Amino acid sequence: GESVGLHLPTLSVQEGDNSIINCAYSNSASDYFIWYKQESGKGPQFIIDIRSNMDKRQGQRVTVLLNKTVKHLSLQIAATQPGDSAVYFCAEKVAFPGGKLIFGQGTELSVKP
Amino acid sequence: GAVVSQHPSRVICKSGTSVKIECRSLDFQATTMFWYRQFPKQSLMLMATSNEGSKATYEQGVEKDKFLINHASLTLSTLTVTSAHPEDSSFYICSARPLAGGTDTQYFGPGTRLTVL
Chain Z
836 GESVGLHLPT LSVQEGDNSI INCAYSNSAS DYFIWYKQES GKGPQFIIDI RSNMDKRQGQ
896 RVTVLLNKTV KHLSLQIAAT QPGDSAVYFC AEKVAFPGGK LIFGQGTELS VKP
Chain H
902 GAVVSQHPSR VICKSGTSVK IECRSLDFQA TTMFWYRQFP KQSLMLMATS NEGSKATYEQ
962 GVEKDKFLIN HASLTLSTLT VTSAHPEDSS FYICSARPLA GGTDTQYFGP GTRLTVL
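Protein sequence lines correspond, in order, to chains Z and H.
The number in the numbering used here is simply the position in the first sequence, starting from 1, with 835 added.
The number in the numbering used here is simply the position in the second sequence, starting from 1, with 901 added.
What the hints contain is simulated information worked out from the structure, not anything from laboratory work.
One thing to keep in mind: the hints can contain errors.
What the hints assert, rightly or not - Derived lysine-lysine pairs resembling DSBU-like cross-links, with alpha carbons at most 35 Å apart:
#1 H:915 - Z:906
#2 Z:947 - Z:903
#3 H:915 - Z:903
#4 H:967 - Z:947
#5 H:942 - Z:906
Computed from a prediction, not measured in an experiment: that's the story for all the values here.
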């Protein structure tokens, strides 16, 4: 279902540490997942995606893990930097109709220098 | 590549007036664009799916006569908030899904901050 959370979970990490952001998705039929980064006052920015036939995908400093058994998605950021501070959303693509995305509630990442 | 723009970036209007927001895919074509609304500290809520050359599909609870969507070309969709009221004040964000490559990825615009006085 669609998220309407009133409070954003927050994660505070030290610069240089690794960050792990978790997301539980709702629809076992979803076949595509995306992580977005949103800075204050801006639109979401694509980070990394993964299809349901994979369980891991790596990008530059980021890794997405998918566990379909428990409908869980995670985003790992290596060597977190102050510029990584933002709200991170996972999104699942609903197979039908129209391939629309359903967004999770988001996690606010704060990186301390 | 995959740049989406929105205009205006912010708008302040009086209650009862209508406001039009444009969403453009700058370097790709998109048969499908999406409109979202986001309140402070909350997630993105899908309002409607805009399909080029056909009527938009609205999510449950979104009034189609209040939020008029037009998708007249493969690079432009517009959202018109009619008879805006203070409760319509929000951050409106569009996204576009590229026509080429069969991708499922959506690329987002920078958003439009609407304030209704």
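Right, here's what the structure says about each hint:
no., hint, verdict
1, H:915 - Z:906, "violated, 45 Å"
2, Z:947 - Z:903, "holds, 33 Å"
3, H:915 - Z:903, "violated, 48 Å"
4, H:967 - Z:947, "violated, 44 Å"
5, H:942 - Z:906, "holds, 24 Å"
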